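From first to last, the protein sequence lines are chains A, B and C.
For the first sequence, counting from 1, position 99 maps to 563 in the working numbering; every step adds exactly one.
For the second sequence, counting from 1, position 50 maps to 46 in the working numbering; every step adds exactly one.
For the third sequence, counting from 1, position 86 maps to 627 in the working numbering; every step adds exactly one.
Chain B is faced by these chain C residues, among others (derived, beta-carbon under 8 Å): (1) Met542; (2) Lys566; (3) Ser634.
For the record, the hints were derived by calculation from the structure and aren't laboratory data.
Note that the structure is a prediction, hence the values are computed from the model and not measured.
For every residue, glycine included, the Cβ atom is placed at its ideal position computed from N, Cα and C.
Residues per chain, in single letters:
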Amino acid sequence: MKLTIQVNEGPYQHQASDSAYHFTKAALEKGHEIFRVFFYHDGVNNGTRLTTPPQDDRNVVNRWSELSKEHDLDLVICVAAAQRRGIVDDGEAERNGKDATNIADGFRISGLGQLIEGAVQSDRLVVFGD
Amino acid sequence: MAEDIKKLMYVNRRAPYGTIYAWESLEVVLIGAAFDQDVSLAFMDDGVYQLMKGQNTEAAGMKNFSPTYSALGDYEVTKIYVEKESLEERGLTLDDLQHLVWEDEDDDWAERDSIHLVSRAELADVMAEHDMMFNF
Amino acid sequence: MSILHIVNKSPYEKNSVAMAAGYAKEGDTVLLIEDAVYAAVKAGSASAKLSGLDVSVLGSDLAARGVAEDKLADGVNVVDYAGFVDLVEAKDSVQSWL
Chain A
465 MKLTIQVNEG PYQHQASDSA YHFTKAALEK GHEIFRVFFY HDGVNNGTRL TTPPQDDRNV
525 VNRWSELSKE HDLDLVICVA AAQRRGIVDD GEAERNGKDA TNIADGFRIS GLGQLIEGAV
585 QSDRLVVFGD
Chain B
-3 MAEDIKKLMY VNRRAPYGTI YAWESLEVVL IGAAFDQDVS LAFMDDGVYQ LMKGQNTEAA
57 GMKNFSPTYS ALGDYEVTKI YVEKESLEER GLTLDDLQHL VWEDEDDDWA ERDSIHLVSR
117 AELADVMAEH DMMFNF
Chain C
542 MSILHIVNKS PYEKNSVAMA AGYAKEGDTV LLIEDAVYAA VKAGSASAKL SGLDVSVLGS
602 DLAARGVAED KLADGVNVVD YAGFVDLVEA KDSVQSWL
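Isolated chain A (complex conformation) (with noise of 0.2 Å):
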């Protein structure tokens, strides 16, 4: 089965970003495909690499990066909640004059089609949020 997964709030508030991450990491285990994994809404806030947490906790952004490395997964922020919210990388950084970057490794900034081509050219689209 190829999967899409939206993600629809950033980490730590909220317990979405965990349970999206455990089902993906589920689906790959089971030799499904994860054709893209999407965060919009205060989801892109998963995408940014200068969180601290505490060290005793678990690190969800990290944790996205290494799965992405892992599995070649394709994390897709949206670019238009990004700039809302002040997730950046070189690109936008660019294009609107910004002093900084924030993306983590394994993420990339684009459009929304990339959320709707995700659920045509998948056989499931599975949605976590608030």
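Here the structure of chain A is known, so what remains is to put chains B and C in place on it, guided by the hints.
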């Protein structure tokens, strides 16, 4: 129907302005229109408040996105389902909502209502016909 | 076509469990995750909303909240994340009652 066309339903259950979900959901619908899929919108729970007439956000200092709903017909988004139970629970009728229409090119551009008032049981049947549900 | 209805809200805070129950048809499954797991507790008044439906609950979210499996309503299936994936595959589509 061609194999690469899917039935997509956008499920709207949130009130506008208190959170951004309604507005960012509408942004997906507008972008999604370019993909030529078979699209429906469902409004239930507090989602029915999104379609209220007479929204004026000037004093609240927020962007009023409600006029965008009336443009959906131009994006060929013509199937809008409003759940009757949600409307009634909130003391609303269709008259409290914007009148949304689309123009039927197969019938000399006759104006048709986009909004279908359906019961929960009917909307459950409609939902079951869809391949994908978008939730916000 | 069959639907997997995912609910993640406590039935004592939001109406999502009731909505999922209202939309679930024969052949559908309701999966309770995150704070929705409280809906599966037999002694709680909300469990009545799910009677007659095919209900699964995510075991790790039950355990995290200190809810023992022997407290669940009759007929509720406990699944792990692999079981969650299987449910997604077994149904034709997924509706998340956020």
